[in-house]
Every structure is written in C-alpha cells, then in structure tokens.
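S.K.: Throughout, our numbering is defined as the position within the sequence shown, counted from one, plus 21.
Because the hints were derived from the structure by calculation, they are not lab data.
Computed from a predicted model, the values in this text were never measured in an experiment.
Glycine included, C-beta positions come from ideal geometry on N, C-alpha and C.
Fair warning: there could be bad hints in the mix.
As the list claims (entries may be wrong) - What follows is a list of derived Cβ distance ranges for each label pair:
hint : residue 1 : residue 2 : range
1    : GLY137    : VAL271    : 19 to 29 Å
2    : ARG194    : GLU144    : 29 to 39 Å
3    : HIS236    : SER276    : 29 to 39 Å
4    : GLY143    : GLY193    : 41 to 51 Å
5    : GLN206    : GLU148    : 32 to 42 Å
6    : VAL271    : ASP142    : 14 to 24 Å
7    : PRO237    : GLU173    : 35 to 45 Å
8    : ASP275    : GLY164    : 35 to 45 Å
9    : GLU111    : GLN206    : 22 to 32 Å
Claimed, not checked - With a straight-line cut-off of 30 Å between C-alpha atoms, the simulated DSSO-like cross-links for lysine-lysine are:
hint : residue 1 : residue 2
10   : LYS298    : LYS329
11   : LYS298    : LYS262
12   : LYS151    : LYS161
13   : LYS151    : LYS117
14   : LYS161    : LYS117
15   : LYS298    : LYS259
16   : LYS298    : LYS260
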Amino acid sequence: MAPTNRQGSGGSNDRGNERSVNKRGGTGRGSNTPQPRRVSDDNRRGGAGGGAKSGAANGKDRRPAASAGRPDRRPTTMRTTERNEREQQEGVRLQKVMADAGIGSRRHCENLIDAGRVQVDGERVTEQGKRVDPETVEIKVDGMRIPTRPAETYIAFNKPTGVVSTMFDPDGRFTIADYITEFEQRLFHVGRLDTETEGLILLTNHGELSNRLTHPRYEVRKTYLASIQGPIPRDLGKKLKAGVELEDGVARADSFRIVDSVGHNYLVEVVLHEGRKHIVRRMLAELGFPVERLVRTQFGPIQLGDQKPGRTRRLSNDEIGLLFRQVDL
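Let the hints inform the model, and build the full structure from the sequences given.
M.R.: In structure tokens:
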C-alpha cells in the first residue's frame, strides 16, 4: 500500500513556489516524478540581466536644460556607488535589512521596531536609524531569528525513490545535484535518505545550521510513513518505544501510530530523533515487519506537505526561524 502524506503543510505548503525540473529519459518508478537534467557541477545556470528602459519618451528628452549657475545632477551610478560605500562603512539601516529579509515593507518593519519587538545581537531596539552589518548581525523578531545574509539559501526537496542522497555518484545514478541545477550556491544536504526511501531532505549553504540539525545533541525529530504487512499486534508501538536491539545498539522510536489499513496492508507513522543508517527499516524488520515503502514527511518543524517528488521550494522566513530556534541559533 503506497503511503500518502496526510500531514498538513503548515507554513510549508507553498505549491505555487515549487520549482519544476526538466524531464529527461525514462521515468523510473512513477510516471509523474520529474526527471532531472544532467549537467556538470561547474556548469550552473546563471541569471540573465534585463535591459534598461530609455529615459526618453517618444524620442524626446523631457529633462530641463541645466541653468548657467546650477550644476547637473550627479549621475545615478555615482550616487549608487556612494551609497554602497557608506553602507560598507556604516552599515545598512535596520528596517532595510528586515525588509530585504522578507519581513514586510520598510514601514511595517519600522512599526515592529517602535513596538519593541526587534532584537539586534540580543539587545532590544526601539529607536529608528540604527545601522547594522547584514553579514554578521543577529536579528530577532518576537524572539525568532530572521535570515539576514542574502547569499544564504534554505531549500526543501522531495527526494524520489532511486535518487542517491549525495551530490555525486561514481556509478552514474541520479543524485540530489541533478535536481537543483537552478541554484548557483554550493548546498549541503542535511542528513541523508536511503536510495529507496523517499521524502523530505533539507538543503542549505549555512554550514553551522546543517551541522546542528544532524547532531545528536539537539535530538531533531524525523517523521516517516511506512507501508508494512499486518496483522499488527497491539504492542508493536510499545516495543518500538521501549527499544529494539540492533547490531549497532538499541534504537528507540519517540512515537508510533497506525495511520490507515486496508486488509493486511498497513500504513504506520514512526517518529524518532536518531539518524543511523536504515534505522526505521531495520527496527521494523527486526520485529517481523519488513518495510515495503518508506517516506519521510517531516524534519524538525519542516513538513513535506503536498510537495511533489522531484520538486524543490524555498523555505519561508517563519520556517527558517523555527529551524534556528530548534538548534539554539
């Protein structure tokens, strides 16, 4: 029985923001799963700049001639250069950094500052005009950290079955890299999924966040839907939570429940914070229930929702803030 994701997507249900990938070749398992376009690692697609509009309308220059005693206005490029130099020396206005991070309009960000809801490097800010360095500053709104570095990228990817959870495979199999060709930054995959396991993988170029999300100290929970054959004894969940003896030690589930059943086909949910290889498959197999299909539906606070296999989407600011909070960043 194929598991269907019954979880709500919360802040992560952005179907319109999902990124399509090009189809190529055979479809493998499931004809609806997009296939990636093969490209070399150093041949990423760059952005194309748009052409500038002419300042003249209908062939006429509407600017008044300069007066004899009045100099022409400085070129726009000169003013832009001076502003950039000033921002490098003095920093960028706080409300601009917040607006650039997607918090809202500058006016809305100013209102947040006036209301005392903004912290900069641990100190509450209530006055306008403060300048900060976006590359080093830590800004929190209502206690939740916001991303301030424009180059930082946070992606949710629904890995199809048969895709290797690496950026390169010497055997020529499809990898995560084949599905993220539109992102120019070098991205880290946060943990891994088995080749035959489907579902949510987080990608980011924030190294510290990636390390913490996979560190046992922070006990980040992962949720899986598994298809198994019944009948299922009433104490299966109790046994999983009590601990299953494996060759590399005891493994315990945080929670277990039966999601659905049709005849002897069961769909069960297993939640655990361990990250050992094949952990869910091995635990269920040890108790006599080999897994026929496995899908990860949630990683920490981030839910897969109805995101389709092979698709990527950018995390929202709220989701990024929840990830930071999860690992004390």
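S.K.: Against this structure, judge whether each hint is valid.
M.R.: Hints, verified against the model:
Against the hinted window of 19 to 29 Å, the Cβ-Cβ separation of GLY137 and VAL271 comes to about 48 Å, which falls outside the hint. The given range of 29 to 39 Å is broken by ARG194 and GLU144, whose C-beta atoms sit roughly 50 Å from each other. The supplied range of 29 to 39 Å is broken by HIS236 and SER276, whose beta-carbon atoms lie about 21 Å from each other. Between GLY143 and GLY193 the beta carbon distance is about 49 Å. The supplied range of 41 to 51 Å therefore holds.
Separation of GLN206 from GLU148 is about 35 Å and conforms to the stated range, judged on CB atoms against 32 to 42 Å. Restraint check, VAL271 to ASP142: a C-beta distance of roughly 42 Å breaks the suggested window 14 to 24 Å. Under the hint 35 to 45 Å, the C-beta atoms of PRO237 and GLU173, about 25 Å apart, miss the expected range. Taking the beta carbon of each, ASP275 and GLY164 are about 26 Å apart, not inside 35 to 45 Å as hinted.
Take GLU111 and GLN206: their Cβ atoms lie about 28 Å apart, and the range 22 to 32 Å holds. For the proposed pair LYS298 and LYS329, the alpha carbon gap of about 25 Å is at most 30 Å, so the pair holds. Only pairs whose Cα atoms come within 30 Å are accepted, and LYS298 paired with LYS262 is accepted, the gap being roughly 18 Å. In summary, the hint linking LYS151 to LYS161 is supported, as the alpha carbons are separated by about 15 Å, within the 30 Å threshold.
A C-alpha spacing of about 10 Å is found between LYS151 and LYS117, which places the hinted pair at or below 30 Å, so the restraint holds. For the suggested pair LYS161 and LYS117, the alpha carbons sit about 14 Å apart, so the restraint of at most 30 Å is met. Taking the CA atoms of LYS298 and LYS259, the gap is near 22 Å; set against the 30 Å cutoff, the hint holds. Simply put, LYS298 and LYS260 have alpha-carbon atoms about 20 Å apart, close enough for the 30 Å limit, and the pair holds.
In summary, the numbered hints that this structure violates are 1, 2, 3, 6, 7 and 8.
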